[in-house]
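Read top to bottom, the protein sequences are chains A and B. Letter 161 of the first sequence, counting from 1, is numbered 161 in full-length UniProt numbering, and no numbers are missing. Letter 105 of the second sequence, counting from 1, is numbered 105 in full-length UniProt numbering, and no numbers are missing.
The set of hints was computed from the structure by calculation and includes no laboratory data. A few of these clues could be false.
Listing some non-contacts, in silico: residues in chain B with all C-beta distances to chain A over 10 Å [unchecked claim]:
| id | residue |
| --- | --- |
| 1 | Ala43 |
| 2 | Gly102 |
| 3 | Ile173 |
| 4 | Met182 |
| 5 | Ala221 |
| 6 | Lys242 |
| 7 | Arg266 |
| 8 | Gly304 |
| 9 | Lys372 |
Pairwise CB distance ranges (calculated) [stated by the list, open to error]:
| id | chain 1 | residue 1 | chain 2 | residue 2 | range |
| --- | --- | --- | --- | --- | --- |
| 10 | A | Glu61 | B | Ala186 | 48 to 54 Å |
| 11 | A | Pro172 | B | Glu292 | 54 to 60 Å |
| 12 | B | Lys364 | A | Pro172 | 45 to 51 Å |
| 13 | B | Arg222 | A | Arg122 | 57 to 63 Å |
| 14 | B | Arg283 | A | Arg85 | 27 to 33 Å |
| 15 | A | His196 | B | Arg256 | 27 to 33 Å |
| 16 | B | Arg283 | A | Gly57 | 25 to 31 Å |
Each residue gets a CB set at the ideal place from its N, CA and C atoms; glycine is no exception.
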Amino acid sequence: MRILIVEDDPVLSEGLSVGLGLSGFTADSVATLEDARAALAATRFAGVVLDVMLSDGSGLELLAEIRRGGSDLPVLLLTARDQVRDRIEGLDAGADDHLGKPFDLHELAARLRAILRRAEGRAASVLRWNGLELDPSRLRGEYNGAPLAFSRREFAVLHALMERPGQILSKPALEERLYGWQEEIESNTVEVHVHHLRAKLGREFIETVRGLGYRVAAEG
Amino acid sequence: MSLRLRLFLILALATGAIWFSAVMWIEHSTRAQVTKVLDARLAEAARMVSSLLSDRRIAMAGDGSPVAIPLDPHGDYAHQLSCQIWSLRGTLVGQSEGAPAGQLTGAHGTGYSESTVGGETWRVYTVENAALGVRVMVGDSIGVRERLVSGVIEGLLLPMALILPLLAAAIWISLGKGLAPMHRLAEALRLRSPSDLAPLPVGPVPAEMRPMRSALDGLFARLSRAREAERDFTAFAAHELKTPLAGLRTQAQIARIAPDAATRTRALQNIERSVDRTDRLVRQLLELSAVEREGAAQDQLDLGQLSAEICADLAPLAEARDVMLVSDVPEGSAQPLAASGFLLHAALRNLVENAVQASPVGAKVRISCDGKVLAVEDSGPGIPEALRARACERFVRGTQGGDGSGLGLAIASAAMERLGGELRLPPSDGQGQRAELHLPRAG
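Only chain A is shown next, with the shape it has when bound in the complex:
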């Protein structure tokens, strides 16, 4: 799940990147509205964590632009002003959720997962397919009743494939979800992660569609 963080405080911004990374997200951060616009135009993000008070304007401006453009991109507002009035203003401007500073990192991750889930049209937090239960809040799974641990990137690949079972995801699309800008994309890594996943779930769980990408096999 690739997330854009728009926050101008360097320590908090880095904390958000690292903390959300530890929760299984792939996070990119920018400090200004201008950079945020450029990032949103260049990359497909699953959601945005948006600070309201930024040095070159209000985060609500960006939110309004996003909604005017007809995008349903999930947006979670972060703000130091946490009065009812501010929350109402943020939600009415089109935010999906709102969190006042300072906040708990786990709560932020949970709220992000919730708004991303809703954007995909799901309410249940656990993904289920072919005997595999995937819990994004704990980055763990259970396969036919037996607990299974995954590395962060393995989990991200599996999560992406199970969000829309049966839909083919190309290798670049998966890479985009796996790596932030700062990270070097190693060649063959998607293949390596798929290889590891097949070792844990059996060869048939993930299918390779030659020339197009990967998908989870039909239930049966």
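Dock chain B against the given chain A, drawing on the hints supplied.
Structure of chain B alone, referenced to chain A:
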């Protein structure tokens, strides 16, 4: 003492004093008038008796026994006018009924005299009739004259005694009425809640109270503005503190759940950095409030020494960022400053600190002085044109995501304003920023 009582006493005493002087004046003039009229009567009567004697209309007893003189009118003043006729040799020739037993006066020549006969003071007019060889003396009692005068004064005092209390009551009531607008104002002020800083209610106001009222309204307006600014500032400061707190909490959580030592170390470093930044933010908030409180003073300031001090202060910061701090301000030239040196110190220090923070590694920050202008130059990215107009507002930061609190320029600008000078930030070409402190002309 209440204003009403004070005014009342002033008016009552003034009225009393005027009445009293009027009475004194009337008494004096009445006495003079009475003396003049009665003296004339004495003289007339004495001359009349003397001429009657000459005309033989009053017969003088040949044997020298006194004759009665039918002189007196009637009424209250009966027996008060007395007449005696003495021979030049000193024997009593005749006298009016009720005249005192003794000689009315010892004075011999024609004219007025006063004497005491039988315990009473008399005013006497003597006419010497040399042809008949007699002296005619006509006198009246001074006591009668006094009674006349005191009668007039009593006639004045009685109505006065009645009128004065009425007058006092009228003054007291009128003062109450006259001071009513003031009471209304006082009441309006008394009933005000401490948070109510709106102008006083409109209504007719006496001209004398208009200055006070508009001064009060002005004070309320200033207080209200100050309070609003303070409220804004407090709210702003609280929000500004929440962001570093959020950073601290996030980093602390990361340190706790970090899967590896590198992540944990990095988080702990970030916590330290965040504590330093928050400390600086709090320090600058206090400094800003100190700058705004700083009163007027008169200092002799050596700009070179000030600049060198600040360079020494900020040397650790500059060293940590590998920035060279250069002061080109010559020492030993004390400038008279129409304010305390603290303000200029705060302004310059914050500019230099900002310049160091904005400088790339290995760059130079230079402080120079040209007459009344202190300038700080760095070779950082400069203030973006879009931000320049707002750069001196509180909590407005550069877009580089640095460690600034957004207060440095606000402090410098506020300090220069207090000094009567000005902070100017000329446009930057992106190759560095120049900040100028324009000192006020010595005055």
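> Which hint numbers does the structure go against, in order from smallest to largest?
Replying inline: Result: hints 6 and 7 break, sorted rising.
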